[in-house]
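Novice: Here the protein sequences line up with chains A and B, keeping their order. In this text, residue positions in the first sequence follow numbering that gives the first Met the number 0: the first is 0, and each later residue adds one. In this text, residue positions in the second sequence follow numbering that gives the first Met the number 0: the first is 0, and each later residue adds one.
Hints were generated in silico from the structure; no laboratory data involved. As the structure is a prediction and not an experimental result, all values here were calculated from the model. Treat each hint with caution, since some may be false.
Copies of the same chain are indistinguishable here, so a pair counts whether it falls within one copy or spans any two.
With a Cα cut of at most 20 Å, we get these calculated PhoX-like pairs of lysine-lysine [unchecked claim]:
#, residue 1, residue 2
1, Lys260, Lys378
2, Lys72, Lys204
3, Lys72, Lys311
4, Lys367, Lys84
Number of protein chains: 2
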Amino acid sequence: MATATKPTKKRGRKGRTAAPEDTLPVVDDAPPPGESAGEGSATAGPKAVRRRATAQALAAGQRDISVSEFFAKNRHLLGFDSPRKALLTSVKEAVDNSLDACEEAGILPEIWVRIEQVGESGTRYRMSVQDNGPGIVRKQIPLIFGKLLYGSKFHRLRMSRGQQGIGISAAGMYGVLTTGKPVKIVSKIDRKHPAHYYELRIDTKTNQPEILNGKGEGVDIPPGKGGDELMRKHSIEWVAANDRGEPIEHGTRVTIEMEAKFQRGRGSVEEYLEQTAISNPHARIHFGGPDGQDRVLERASDDLPPEPKEIKPHPYGVELGRLVTMLQEQPKLTLAQFLTQSFSRVSSGTARKICDTAKLSSRVTTGKLGRGEADALYKAIQETRIPPPATDCIVPIGEQRLLAGLRQVVPGEFFTAATRPP
Amino acid sequence: MATATKPTKKRGRKGRTAAPEDTLPVVDDAPPPGESAGEGSATAGPKAVRRRATAQALAAGQRDISVSEFFAKNRHLLGFDSPRKALLTSVKEAVDNSLDACEEAGILPEIWVRIEQVGESGTRYRMSVQDNGPGIVRKQIPLIFGKLLYGSKFHRLRMSRGQQGIGISAAGMYGVLTTGKPVKIVSKIDRKHPAHYYELRIDTKTNQPEILNGKGEGVDIPPGKGGDELMRKHSIEWVAANDRGEPIEHGTRVTIEMEAKFQRGRGSVEEYLEQTAISNPHARIHFGGPDGQDRVLERASDDLPPEPKEIKPHPYGVELGRLVTMLQEQPKLTLAQFLTQSFSRVSSGTARKICDTAKLSSRVTTGKLGRGEADALYKAIQETRIPPPATDCIVPIGEQRLLAGLRQVVPGEFFTAATRPP
Numbered sequence: 000m001a002t003a004t005k006p007t008k009k010r011g012r013k014g015r016t017a018a019p020e021d022t023l024p025v026v027d028d029a030p031p032p033g034e035s036a037g038e039g040s041a042t043a044g045p046k047a048v049r050r051r052a053t054a055q056a057l058a059a060g061q062r063d064i065s066v067s068e069f070f071a072k073n074r075h076l077l078g079f080d081s082p083r084k085a086l087l088t089s090v091k092e093a094v095d096n097s098l099d100a101c102e103e104a105g106i107l108p109e110i111w112v113r114i115e116q117v118g119e120s121g122t123r124y125r126m127s128v129q130d131n132g133p134g135i136v137r138k139q140i141p142l143i144f145g146k147l148l149y150g151s152k153f154h155r156l157r158m159s160r161g162q163q164g165i166g167i168s169a170a171g172m173y174g175v176l177t178t179g180k181p182v183k184i185v186s187k188i189d190r191k192h193p194a195h196y197y198e199l200r201i202d203t204k205t206n207q208p209e210i211l212n213g214k215g216e217g218v219d220i221p222p223g224k225g226g227d228e229l230m231r232k233h234s235i236e237w238v239a240a241n242d243r244g245e246p247i248e249h250g251t252r253v254t255i256e257m258e259a260k261f262q263r264g265r266g267s268v269e270e271y272l273e274q275t276a277i278s279n280p281h282a283r284i285h286f287g288g289p290d291g292q293d294r295v296l297e298r299a300s301d302d303l304p305p306e307p308k309e310i311k312p313h314p315y316g317v318e319l320g321r322l323v324t325m326l327q328e329q330p331k332l333t334l335a336q337f338l339t340q341s342f343s344r345v346s347s348g349t350a351r352k353i354c355d356t357a358k359l360s361s362r363v364t365t366g367k368l369g370r371g372e373a374d375a376l377y378k379a380i381q382e383t384r385i386p387p388p389a390t391d392c393i394v395p396i397g398e399q400r401l402l403a404g405l406r407q408v409v410p411g412e413f414f415t416a417a418t419r420p421p
Numbered sequence: 000m001a002t003a004t005k006p007t008k009k010r011g012r013k014g015r016t017a018a019p020e021d022t023l024p025v026v027d028d029a030p031p032p033g034e035s036a037g038e039g040s041a042t043a044g045p046k047a048v049r050r051r052a053t054a055q056a057l058a059a060g061q062r063d064i065s066v067s068e069f070f071a072k073n074r075h076l077l078g079f080d081s082p083r084k085a086l087l088t089s090v091k092e093a094v095d096n097s098l099d100a101c102e103e104a105g106i107l108p109e110i111w112v113r114i115e116q117v118g119e120s121g122t123r124y125r126m127s128v129q130d131n132g133p134g135i136v137r138k139q140i141p142l143i144f145g146k147l148l149y150g151s152k153f154h155r156l157r158m159s160r161g162q163q164g165i166g167i168s169a170a171g172m173y174g175v176l177t178t179g180k181p182v183k184i185v186s187k188i189d190r191k192h193p194a195h196y197y198e199l200r201i202d203t204k205t206n207q208p209e210i211l212n213g214k215g216e217g218v219d220i221p222p223g224k225g226g227d228e229l230m231r232k233h234s235i236e237w238v239a240a241n242d243r244g245e246p247i248e249h250g251t252r253v254t255i256e257m258e259a260k261f262q263r264g265r266g267s268v269e270e271y272l273e274q275t276a277i278s279n280p281h282a283r284i285h286f287g288g289p290d291g292q293d294r295v296l297e298r299a300s301d302d303l304p305p306e307p308k309e310i311k312p313h314p315y316g317v318e319l320g321r322l323v324t325m326l327q328e329q330p331k332l333t334l335a336q337f338l339t340q341s342f343s344r345v346s347s348g349t350a351r352k353i354c355d356t357a358k359l360s361s362r363v364t365t366g367k368l369g370r371g372e373a374d375a376l377y378k379a380i381q382e383t384r385i386p387p388p389a390t391d392c393i394v395p396i397g398e399q400r401l402l403a404g405l406r407q408v409v410p411g412e413f414f415t416a417a418t419r420p421p
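Produce the complete structure using the sequences and hints provided.
Specialist: Written out as C-alpha cells, the structure reads:
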C-alpha cells in the first residue's frame, strides 16, 4: 500500500473488496502467538515504526477522574453553556429546590429571587434565592450545596422538579470556577433554633465541600437580637419578614456570584419566573433585577397541590440489567414474593402468570435464579398483560390552578385551560 | 388573592405592580425572627396549610448518588440515546481507544470491528473491537472497562481521540443494563507474557468493576499451545494473526452485548469507520457486519502521524477559579516562578509585565496571595499581551495524509485536500 501515498490518480474501490476471513477464534493454520519466530515484541505486528510507550508506561498515567472535574470540563451537559444560560440555570435549580422543599413540607411557597450586578464589567452577577421552606439541617447543608450527585430525589419514583442531586451544587461550582467566590447559604429550620450560615466551595479534585467560614464549621446565628447583630456584622442577607410584615421563620437562602449575562425578554430569568408562577399558582415569587425594577408575582391560589405519591417501578419499565440487579439485592424471597413486592401493579395472579410464562416455579428462591432464568423472566414480563402504573405519583397542575396562574400573570380578556388524564 | 381562583374575568396586571422592598438585610422595622408573637413554627409563614415533612425528615432521605447511577439514568448525555446510536457510540469509543493506544505506543494500528446479531429479535447485537495496540496491564483492565471516570487522558493538555475516561466503560454499562451480559476483555502486552481475560460488569451502585470470571480475579492465558486450548475451551475470541499471516502479538479486544439497532448508510457504523479510515490513513480497519459482508479499509500510509506534545495551560484559557486553585496548589513559589512554570508562553519578561499590571511584587510568595490579589492577577493576565499557545499539542492530519486516506476510501477521479495552520 506504500504506493498509495504517491500523488497519482487512482480509480476504483480498492478498499472495498471483501477480505479473507481473519483467524477468529484461534485456529491452527495461523501462527499462534508465542510460536511465531522472528522479531521481538517491540517491533511485532505489521511494520511497527517506533515504540513510544509500553503498556506499563501507559498504565502509570491512569487515574480516577472526579465527577466535579468531569462536569467542570463538561459544564454544557448541565446547562452552563453560556453566561446567559448559566444564570438562568442557576436560578432555575434554586427555585426548583425551593418549590420542592415547600411542597414536601406542606408550606405555601414564598420565594425571593434577586440578581445584582457586581463591578462595572457587566459580566459578573450575584444571584440569590430565598424561600420560606422547611430549611435544611446543619450537617446536610455543605453536602447539598458543595458536592455533585448528592440528594434525596434521585432514587425516588415520584414527581419532583429537581431530580438528580446535581443542579444547585453545579451552579455553585460554576460560580466558584468563574469568580473564585464561595457559595453562601443561610438556612433556618424554625424560629427557636439558630440559623446556620455557610460559605463554601466545592473542591473539584475530590467532589467534597470545603467550608471557608467559622474555621471550617460554618457559623451559627442565634435567634433574637444577638443573631440580628451577627448578621449585620457579617453582611449576611436574609429576608426576615415579607412585604406584608409576616415573619419568615424558616427557609433557605443561597447566594452565588458568577460570570453571567443578564437580559430581559425571551430566555430570561424573568420569563422563567413568570412561567413558574403560571404553573405554580400556589407560589408567591418576588423578583429583583439588577436594573432595580422589583416585581411580585402574586399567589393566585391558597391551595397546595395534592402531594404526589412515591411508587414502585412498573415491570414494563425495568431493563433486563436492572432486573438482574434487583434479583441479586433480594436473594431470599420466593419469585412470587419478589414480583408482588418489588413492582407496582403485580397481583399474586399476575405474578403466577409471569412465572408460568417463564416456565419458573413461583416458589423458587430469587437467589437461585441464574442469568438464563432472569432472561426468561424478563421476556415473560413483556408478554404478560399488566395494568398501567398508578398515576398518583404525578400531579398535573389541573385546569383550575392553571387558569388561576394564567390570570395572575398574563394580561388578557379570555382565559381557558385544558388538561388530560395522566 | 383567594378570589382569583373563582372563574371570573379579570383585567390588568395585578402581579406586575412594583412591590415595596422586602426587608433585606434584617432591618428593625420588620419583626425579627424569634421575636414575633403568635403562631408556632409549624404554621408560620404565609398561611401554611399542613406540615408534611420537617427538615429532619427530609434530611433522612439525602444520600450520595453514584456517578454510574447518574449516567445509567442520563445515558443520552454520553451518546446512548437510542439503540442505533448506542451501537455507533460503543464502536466509536472502542476504536478511539485503539487508535490512541497505538499512537502512544508508536504502532501502526490494525483494528477489527465485528458486529453480530444475537437471537432472532433483531434488537440485540454483540460488538467486538480488537486492536494490535500495546495492550493493557492486568490490574488496569477492570478499571478501564468497569468504572466510569477513570483514565489517563483527562488531565492532559494534548490531542487525543478519547478524552474523558467515560466512553468505553459507559458502553459496557449500557450493555450490562440492557442485556445483563458482562463485558469481555482480552488483553496481551507481548508474546512472552500471558494474556488476561476478564468478564466483568460495572456495579452501578458503587461505580466499581465486578469481575465475574476466575473467582473474581480474571483468567490468565499462557502463551503457546496451552493458551490456545484454554481459549478454545472458553470460546474466547482473539484474532491471532491477520489475513496476511502476520501474528498479532499484543493488543486488546473488547466484546459488549447490547440492545442495539444495526443499519447501513448514514449514521451507521460502516460510515463512521470509512470516515475514520480517511482521517487515519495509517490505520488498517477490518469490518464484519451481521449480514456477513466483510470489508478491509486498507492502510494508505505507513507513516505514523507525528506525536502530539503535552503542553501547559495558556494563561488566557485559565478561569479565575482555576487560577485560585493553582495558586493554592503551589504555595511556595515566587509569583514570577509560578507564572513561568505553570503556564506556557510566559517568559520572565511577560511574568514581570503581569506582576506590574497587577501591582504585585514578582517575588511575593504564592501562598500569601489572597482572593483580592488573585483577582488582580487574573485581570492583569487578560490585559497583558501573551503569544498564542504552541501548536505542537495538536497534529492536523495534513494534506498528504488526508489525500491518501480519501483515495483509499472514496471512489473518484480527482482528489484534493487543503489544510490550514492550527
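Novice: Given identical chains, is Lys260 near Lys378, meaning Cα to Cα at most 20 Å, within a copy, between copies, both, or neither?
Specialist: between (52 Å within a copy, 19 Å between copies)
Novice: Evaluate Lys367 and Lys84 at a C-alpha cut-off of 20 Å and name the case that applies: within, between, both or neither.
Specialist: neither (51 Å within a copy, 35 Å between copies)
Novice: If the cutoff is 20 Å on CA atoms, where do Lys72 and Lys204 land: within, between, both or neither? Let me know, please.
Specialist: within (12 Å within a copy, 24 Å between copies)
Novice: Under a CA distance limit of 20 Å, which applies to Lys72 and Lys311: within one copy, between copies, both, or neither?
Specialist: Classified as between; 16 Å across copies, 35 Å inside a copy.
When each numbered hint is compared with the structure, a violation occurs for hint 4 only.
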